[in-house]
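Number of protein chains: 2
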Amino acid sequence: MTSAFRVLGSSARNASMRSLRTASIARHTRPYASAAAATKTSNGGMTETAFFPDEAAGPTVATAIPGPKSQAAIEQLNKVFDTRSLNMMADYRKSYGNYIADPDGNVLLDVYAQIASIPVGYNNPTLLLAATSPEMASHIVNRPALGNFPSNDWAEILTTGILSVAPKGLNQVFTGTTGSDANELAYKAAFMWKRRQQRGADVEFTQEEMNSAMNNALPGSPELSILSFKTAFHGRLFGSLSTTRSKPIHKLDIPAFDWPQAPFPMLKYPLEEHASENAAEEQRCLDETERLIKEWHAPPAAIIVEPIQSEGGDNHASPAFFQGLRDLTKKHDILMIVDEVQTGVGATGKFWAHEHWNLDAPPDIVTFSKKAQAAGYYYGNEELRPNKPYRQFNTWMGDPARAILFRAIVQEIERLNLVENTAAMGDYLFTNLEGLAQKYPGEIKNLRGKGQGTFIAWDSPRRDEVLKKGKTVGINIGGCGDSAVRLRPMLIFQQHHADILLEALEKIFKS
Amino acid sequence: MTSAFRVLGSSARNASMRSLRTASIARHTRPYASAAAATKTSNGGMTETAFFPDEAAGPTVATAIPGPKSQAAIEQLNKVFDTRSLNMMADYRKSYGNYIADPDGNVLLDVYAQIASIPVGYNNPTLLLAATSPEMASHIVNRPALGNFPSNDWAEILTTGILSVAPKGLNQVFTGTTGSDANELAYKAAFMWKRRQQRGADVEFTQEEMNSAMNNALPGSPELSILSFKTAFHGRLFGSLSTTRSKPIHKLDIPAFDWPQAPFPMLKYPLEEHASENAAEEQRCLDETERLIKEWHAPPAAIIVEPIQSEGGDNHASPAFFQGLRDLTKKHDILMIVDEVQTGVGATGKFWAHEHWNLDAPPDIVTFSKKAQAAGYYYGNEELRPNKPYRQFNTWMGDPARAILFRAIVQEIERLNLVENTAAMGDYLFTNLEGLAQKYPGEIKNLRGKGQGTFIAWDSPRRDEVLKKGKTVGINIGGCGDSAVRLRPMLIFQQHHADILLEALEKIFKS
Chain A
58 MTSAFRVLGS SARNASMRSL RTASIARHTR PYASAAAATK TSNGGMTETA FFPDEAAGPT
118 VATAIPGPKS QAAIEQLNKV FDTRSLNMMA DYRKSYGNYI ADPDGNVLLD VYAQIASIPV
178 GYNNPTLLLA ATSPEMASHI VNRPALGNFP SNDWAEILTT GILSVAPKGL NQVFTGTTGS
238 DANELAYKAA FMWKRRQQRG ADVEFTQEEM NSAMNNALPG SPELSILSFK TAFHGRLFGS
298 LSTTRSKPIH KLDIPAFDWP QAPFPMLKYP LEEHASENAA EEQRCLDETE RLIKEWHAPP
358 AAIIVEPIQS EGGDNHASPA FFQGLRDLTK KHDILMIVDE VQTGVGATGK FWAHEHWNLD
418 APPDIVTFSK KAQAAGYYYG NEELRPNKPY RQFNTWMGDP ARAILFRAIV QEIERLNLVE
478 NTAAMGDYLF TNLEGLAQKY PGEIKNLRGK GQGTFIAWDS PRRDEVLKKG KTVGINIGGC
538 GDSAVRLRPM LIFQQHHADI LLEALEKIFK S
Chain B
58 MTSAFRVLGS SARNASMRSL RTASIARHTR PYASAAAATK TSNGGMTETA FFPDEAAGPT
118 VATAIPGPKS QAAIEQLNKV FDTRSLNMMA DYRKSYGNYI ADPDGNVLLD VYAQIASIPV
178 GYNNPTLLLA ATSPEMASHI VNRPALGNFP SNDWAEILTT GILSVAPKGL NQVFTGTTGS
238 DANELAYKAA FMWKRRQQRG ADVEFTQEEM NSAMNNALPG SPELSILSFK TAFHGRLFGS
298 LSTTRSKPIH KLDIPAFDWP QAPFPMLKYP LEEHASENAA EEQRCLDETE RLIKEWHAPP
358 AAIIVEPIQS EGGDNHASPA FFQGLRDLTK KHDILMIVDE VQTGVGATGK FWAHEHWNLD
418 APPDIVTFSK KAQAAGYYYG NEELRPNKPY RQFNTWMGDP ARAILFRAIV QEIERLNLVE
478 NTAAMGDYLF TNLEGLAQKY PGEIKNLRGK GQGTFIAWDS PRRDEVLKKG KTVGINIGGC
538 GDSAVRLRPM LIFQQHHADI LLEALEKIFK S
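Residue numbers (the numbering used here), protein chains in the order written: chain A, 58 to 568; chain B, 58 to 568.
For reference, chain A alone in the conformation it holds in the complex:
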């Protein structure tokens, strides 16, 4: 990697970027400039086509963050809304593409992207076009109770959007509102399916089951569980939080179900240098998973697993491990739920991260949210539809407006080949980070995510300081687990952004 990093842009440049930004919002209903219309010179004189030709050429750091305007806004907000987890006050009108802006004129390269949930750039024109369409307006103001009164275009919205990118082998969806919600809906489907297996497909509920369910007691409220993994994160509602094992602060003081947790492989990096040790570690985890499936007092109806444990520290496992889980779930007749809330929608260089595994049989359920902007779970087995209506049901059951937005996101991903872009950018980034790790071995440890698109992380002995310094050199970057720095750029992250990021990291490491 050579230097193409421009020291933070002048305020004149920034003002120009902002006026472009404003113009872009205003003209969103006109055809926007073709992506091929502009190129940017990246490092080494190589050129690439910019997805956002009018994006900032680089970050601007105008003030300490938070600056005076941000501080005033935070103080105002804190009167009515808890701001203690606030990272940065944002100005989304001025944010564009890969760059997040704040009220003080700071513009940062955003490789955190709203906790991995912005897919194709701030104020993406394709998305603005969808967001201002009469179709969107109708679905915003006429939000239906989807299970009772779906709109006559709902099937089409699903098949041209959410279901057009359904994981292989899964052709149905139940929609929800958030990642936590998607996972809990999946758990409910799993419990109803498991009891059907136990009871028999066409067996009616007994009076005792109906009475005891009303008292939250056996047998109507069964002693079943969902098995998850140590350091997993699956959400923060009561069922999903019972499967989340990320950090005490997420769980303290909240009652939880007594459900089992299996160990997740703690691999050694670089993977290729520790192949046999890592294989043994994965086998140990599989063995313990099987023991828990067989012996836990509340038998699991399903296991849930993230392709890469994200909030818990970006922990990876091999395709063989996941194939082993698929085998165990088949052997013991329980479901395999893959939580793709953070890994899904392109970030790993495949549309769904579990495509990296080449499973013999698809997962039973795949949950999604974040970059999809919509949420829910995919499934394929008809038996996962409960045996009666109103068992899997709630008033809104998702949000057609967000499903329309996801359709536009999918179109944008396909138009610009963003999954392929992310795979290529990931390789570029990883190779250069390997170089930085060699140069600064005290700063980058356990670099991981090779071949997984831009879903890259490493351990840092001074992680919180690194994240904080990021803002001073123009990048917004996040952490996970106890000591990991995680990269979660958008799918429109390109080589010139990678170069800016790498140079900013080196500045931090030098300081």
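No distinction is drawn between identical chains; accordingly, a pair holds when it is met within one copy or between any pair of copies.
Result set (DSS-like, lysine-lysine): computed pairs, CA atoms no more than 25 Å apart in a straight line:
{"hint": "1", "residue 1": "K445", "residue 2": "K528"}
{"hint": "2", "residue 1": "K251", "residue 2": "K304"}
{"hint": "3", "residue 1": "K304", "residue 2": "K445"}
{"hint": "4", "residue 1": "K387", "residue 2": "K225"}
{"hint": "5", "residue 1": "K445", "residue 2": "K525"}
Think of the hints as simulated: they come from the structure by calculation, not from any bench.
Please arrange chain B on chain A, whose structure you already have, making use of the hints.
Same frame as chain A, now just chain B:
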């Protein structure tokens, strides 16, 4: 009540209504006609100002429901989405004001309103204006992680919207996505608050608490509970479902927390004829509530109660009962959570139903969703902010786009005085329903909701048949509990709509 009911409109009339509808969507950015511009003759020659001057004059029943086009659409949808709870396939482009349309040209007066969640009419022009604003577009495509990166207009969106209608005594909000989510967030706040009371405000977590929380075990995962009431409905996620006691079909096969349920008063109607019996019944329920608070093995951190138990059958209690609950919660130092998900936002003739109670001290927490289109919980006590950041947190923490829509809803409610309208329409409707109950005593039993706006219900010995026949006479109407017909019209429901509804009901009773 005299007859102003016009037998179902001609198809010409319907076509005209539809073209008006289309025009209204197209012209939504122009100032819409003033509400005062048109009047409709209602029964008795009385005139009233129509809120939707270009609304249908009455229902149109063109085919059996579902008609052929709806059937084809249902078949299509069923391939990818469970349709067994489908009530009616809707066409929202053609729905307007109080009327819901379907693909076959049927147009029904909608007094169910997406399970009580449409506040100010389908395709309301004020809402369409908000939905197509640049502000809305920005918030749709740039959905933030609100706890980390709020937008600099978030405080203003809250104070001019959600918080402008905050219940008296409550001045803060934590936003969520749905009613279930709002309640679970409130439960989490209650548990953290309760442990703080037990532990001491500034006491750090012990290592044992942190370790055990990761294992879903005591003491980090405490044995505390939320007390709810029999026949209550508070949602269908794992924590909220544990407090829901509506019907077995909502709960069967889903693991639940062993939390206590107190009896809810089963009052006799008309209330004024059974005053002393009802008072005794309420005292019995209060006594049992107190016993459970004192004796339940997992002590309640809070009670949660609906002002009117909605899904569970529209069960009412007196202000004295709720004042009794407020006294008990104060006495035993636990929180009072009022679930206004279905009762809130004007339907009872007050903005919040608990305003009918004149409590000595406001509830600790009030949850909202449905008609608000946004969701969350209000609170006022600073101690309900957990002692550390990231304890009450998730990626999206609500949706600013929906908060903007709620602000527009509030403006529309204020512009048209819709809370007052609903109070007046409720009185009109209730008086006329009393007349119908006298005429058809076998059809309307336990009429309830007097003085509670249009939040009216009665028991019907042939409830499901009544709901089904509703569609054949042009009304979309819902049920709740085992045998209740519930009215949940929108806030723009006027006297001429009431007359159509009353006449349609009489048709059903006669058949």
